[in-house]
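Chain residues, written in single-letter form:
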Amino acid sequence: MIEIDNISKKYGTFQVLRDCSTSVAKGEVVVICGPSGSGKSTLIQCVNGLEPVQQGRITVDGMNVTDKKTNLTQLRARIGMVFQHFELYPHMNVLENLCLAQEKVLNRTRSEAVAKAEALIERVGLSDHIHKHPGQLSGGQQQRVAIARSLAMDPIAMLFDEPTSALDPEMINEVLDVMVQLATDGMTMMVVTHEMGFARKVADRVVFMDEGRIVEDRKTEDFFSDPESPRLRDFLSKILQY
Amino acid sequence: MSGFDFSVIVSALPFLWEGLQLSFLLTILAIIGGLGFGVLLALARMSGFRLLSLVAATYVNLIRSVPLILVIFWFYFLVPLVLGRPVGGFYSALIAFVMFEAAYYSEIMRAGIKSVAKGQVQAGKSTGLGYWRIQRHIVLPQAFRNMIPVLVTQAIILFQDTSLVFVVSLRDFMTASSIVARTEGRLVEMYLFAAVVYFVICFAGSLTVRRLQSKVAT
Numbered sequence: 001m002i003e004i005d006n007i008s009k010k011y012g013t014f015q016v017l018r019d020c021s022t023s024v025a026k027g028e029v030v031v032i033c034g035p036s037g038s039g040k041s042t043l044i045q046c047v048n049g050l051e052p053v054q055q056g057r058i059t060v061d062g063m064n065v066t067d068k069k070t071n072l073t074q075l076r077a078r079i080g081m082v083f084q085h086f087e088l089y090p091h092m093n094v095l096e097n098l099c100l101a102q103e104k105v106l107n108r109t110r111s112e113a114v115a116k117a118e119a120l121i122e123r124v125g126l127s128d129h130i131h132k133h134p135g136q137l138s139g140g141q142q143q144r145v146a147i148a149r150s151l152a153m154d155p156i157a158m159l160f161d162e163p164t165s166a167l168d169p170e171m172i173n174e175v176l177d178v179m180v181q182l183a184t185d186g187m188t189m190m191v192v193t194h195e196m197g198f199a200r201k202v203a204d205r206v207v208f209m210d211e212g213r214i215v216e217d218r219k220t221e222d223f224f225s226d227p228e229s230p231r232l233r234d235f236l237s238k239i240l241q242y
Numbered sequence: 243m244s245g246f247d248f249s250v251i252v253s254a255l256p257f258l259w260e261g262l263q264l265s266f267l268l269t270i271l272a273i274i275g276g277l278g279f280g281v282l283l284a285l286a287r288m289s290g291f292r293l294l295s296l297v298a299a300t301y302v303n304l305i306r307s308v309p310l311i312l313v314i315f316w317f318y319f320l321v322p323l324v325l326g327r328p329v330g331g332f333y334s335a336l337i338a339f340v341m342f343e344a345a346y347y348s349e350i351m352r353a354g355i356k357s358v359a360k361g362q363v364q365a366g367k368s369t370g371l372g373y374w375r376i377q378r379h380i381v382l383p384q385a386f387r388n389m390i391p392v393l394v395t396q397a398i399i400l401f402q403d404t405s406l407v408f409v410v411s412l413r414d415f416m417t418a419s420s421i422v423a424r425t426e427g428r429l430v431e432m433y434l435f436a437a438v439v440y441f442v443i444c445f446a447g448s449l450t451v452r453r454l455q456s457k458v459a460t
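Residue numbers (this note's numbering), protein chains in the order written: chain A, 1 to 242; chain B, 243 to 460.
Chain B extracted, bound-state conformation:
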């Protein structure tokens, strides 16, 4: 292993940790925002109002048909135009992730909601519960239970996708690793290390999915 110098990683750890924190922060905020907006999209798409469901369907199909990196660019240039002032790379990237993830989450949720028997809604209606209460107390809790494994899988993909934020000059874990790799001239060591870190985090996530799946199945 002569010629390899892994000590560079140790000295770069604080810098890399900052990058990893950004990756986590983006992932978590995008999951929360994406879930919230995704629920609304799913309900809109399944609602009886033709126009509303058409708008939601168009949005979902449009977003799912373009690469994420393009969506990140869009919002980087679009949001300042709409708001009239620049919002910085972080917020534009976050908005892009939320909008993008919501499209995927809404499809996952639509499947989850459809998996809840129609009779459950009728039972709710027959006791005088209104639409929102039926969704909130009867349908969504059951739907979420069914779709947790798929949602976690999507979250793992999202975590990996945060590496794309280098295009708007944000320094996530991947970008930070690249910077260290190039400035220290230790490409192999750094990219190996980055791969190990991604693997450990994502594999732990996959194991969680498997455990959740067996739990949901019972």
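Isolated chain A, as found in the complex:
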């Protein structure tokens, strides 16, 4: 489904990504972790072309993201993305947030869009809040709305860019629950996160990045039980200590 082939990227003279290759098969859940500044967020933003790459190739469902001729707008409509800071539209209520792209991009009628929005808002457990504005919701609720907004487009894959990093601790689980449900339903997912409990529970593979390189790309059990590189061992010992 997602093929990342030897991509490299620089911001000025700073090399953010170096020869990164990995893939996500249909229905697979891949977690990407690593210290801050390791390039994991940049990597995931390259997958739907939000960040351009200078070298290498990314294809999603057969479409070449890195080819300049590809219609990125069309491609992005098929890939969902969830951001660290939710990025709900603050001037629209929850329902409008979910309907905008459905109507403008997928050309659904108002009633189709509303029906879809209501179903998804119910699925993330926020039916009582559908007419509220994002500012009236907690962080966890906002992120669940953001997930529903992406799902409203019937995406073929979902990208999560640190979806719980900006949340208060007691709200992390409600968001992870929605993501676990999504994974068990068979959604293809690429998730940048530090939530190792989530990775253990639903990830098929875990990718560890450091200084712009993919250091390890392993099956989930092996990743935790048998880390090969000293860098990963060091990282795991630090984050799994408590």
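Hints are supplied without guarantee of correctness; some may be wrong.
[Stated by the list, open to error] So the derived list for chain B, only partly shown, Cβ under 8 Å to chain A, looks like this:
1) Gly275
2) Ser368
3) Thr369
4) Leu371
5) His379
6) Arg387
7) Pro391
[Claimed, not checked] Below, simulated SDA-like cross-link-like pairs (lysine to any residue); rule was C-alpha separation at most 20 Å, straight line:
8) Lys356/B x Gly278/B
9) Lys356/B x Trp374/B
10) Lys356/B x Ile390/B
11) Lys104/A x Gly278/B
12) Lys238/A x His85/A
13) Lys457/B x His133/A
14) Lys69/A x Leu50/A
15) Lys356/B x His91/A
16) Lys360/B x Thr73/A
17) Lys360/B x Tyr11/A
18) Lys68/A x Phe291/B
Keep in mind that the hints were calculated from the coordinates and are not lab data. For each residue, glycine too, the CB sits at the ideal point set by N, CA and C.
Fit chain B to the given chain A structure using the hints.
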């Protein structure tokens, strides 16, 4: 207060009202035109096309560096040359105001647009919305909300600036007051009255700004 005769104002009211209507009309049309052209200038200046943003930046800096009265003159003499026929004082003044205000509005809007988080654009892009739809539905509504107080302030200045149209022989409120003042020989009364009228209108505008500011802040 002997020697003052305010009755002259009453008899001149219809004449003054005509002038005030012209002032309002120019202000409103210039705001609408200025906003429309200003949005385009702001988007052009912030666009990735170097040439486009350079042209927009040059225009804005040029217009903002000359006095409004000179711009009004320019267009009075320039527009007939371009169109090949005279368009009259009103239209040339209106075009001048639109072009002039657009330069200021575009800077206000550029600040407003920049105040909208970059992530909002990314969120729009990630759902497959194109550039114009992102601007129209996501960025501009938020930007406008942030910049309404500054825009109203600029509109108040514009209203006062319409008094400059006397240079192209248009009769706005200020010009009408001057005419009455001179023909009736009642300079003090008329200029006092004109000041009161400007004050009432502009102060009401300022109060609106203050109310809007507290509304935007919440």
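Taking the hints in turn, this is what the structure says about them:
A cut of 8 Å between beta carbons decides the hint on Gly275/B: the least distance to chain A is about 25 Å, and the hint is violated. Evaluation of the Ser368/B hint against chain A yields a held restraint, the C-beta minimum of about 4 Å falling below 8 Å. A distance limit of 8 Å between C-beta atoms decides the matter here; for Thr369/B the minimum to chain A is near 4 Å, and the interface restraint holds. With a least beta-carbon distance of about 6 Å to chain A, the hint placing Leu371/B at the interface is held under the 8 Å criterion.
With 8 Å as the threshold, the beta carbon of His379/B comes within range of chain A, its nearest partner Cβ sitting at about 6 Å, so the hint holds. Interface hint at Arg387/B: satisfied, since its Cβ lies 7 Å from the closest Cβ of chain A, which is below the 8 Å cut-off. Of the supplied interface hints, the one on Pro391/B is violated, with its beta-carbon coming no nearer than about 17 Å to a beta-carbon of chain A, more than 8 Å. Under the criterion of a C-alpha separation no larger than 20 Å, the hint pairing Lys356/B with Gly278/B is consistent with the structure, at around 18 Å.
Between Lys356/B and Trp374/B the alpha-carbon distance is near 16 Å, which keeps this suggested pair within the 20 Å criterion. For the suggested pair Lys356/B and Ile390/B, the alpha carbons sit about 15 Å apart, so the restraint of at most 20 Å is met. A threshold of 20 Å between alpha carbons decides the hint, and for Lys104/A with Gly278/B the separation of about 23 Å lies outside it, so the pair is violated. For a cut-off of 20 Å, the pair hint linking Lys238/A to His85/A is broken: about 25 Å separates their Cα positions.
A distance of roughly 16 Å separates the Cα atoms of Lys457/B and His133/A; the hinted pair therefore holds under the 20 Å criterion. With a C-alpha separation of about 15 Å, the suggested pair Lys69/A and Leu50/A falls inside the 20 Å cut-off, and the hint holds. For the proposed pair Lys356/B and His91/A, the alpha carbon gap of about 16 Å is at most 20 Å, so the pair holds. Distance check on the hinted pair: Lys360/B and Thr73/A sit about 17 Å apart at the alpha-carbon level, within 20 Å; holds.
With a C-alpha separation of about 17 Å, the suggested pair Lys360/B and Tyr11/A falls inside the 20 Å cut-off, and the hint holds. Using a Cα cut-off of 20 Å, the hinted pair Lys68/A and Phe291/B holds, with the two alpha carbons roughly 17 Å apart.
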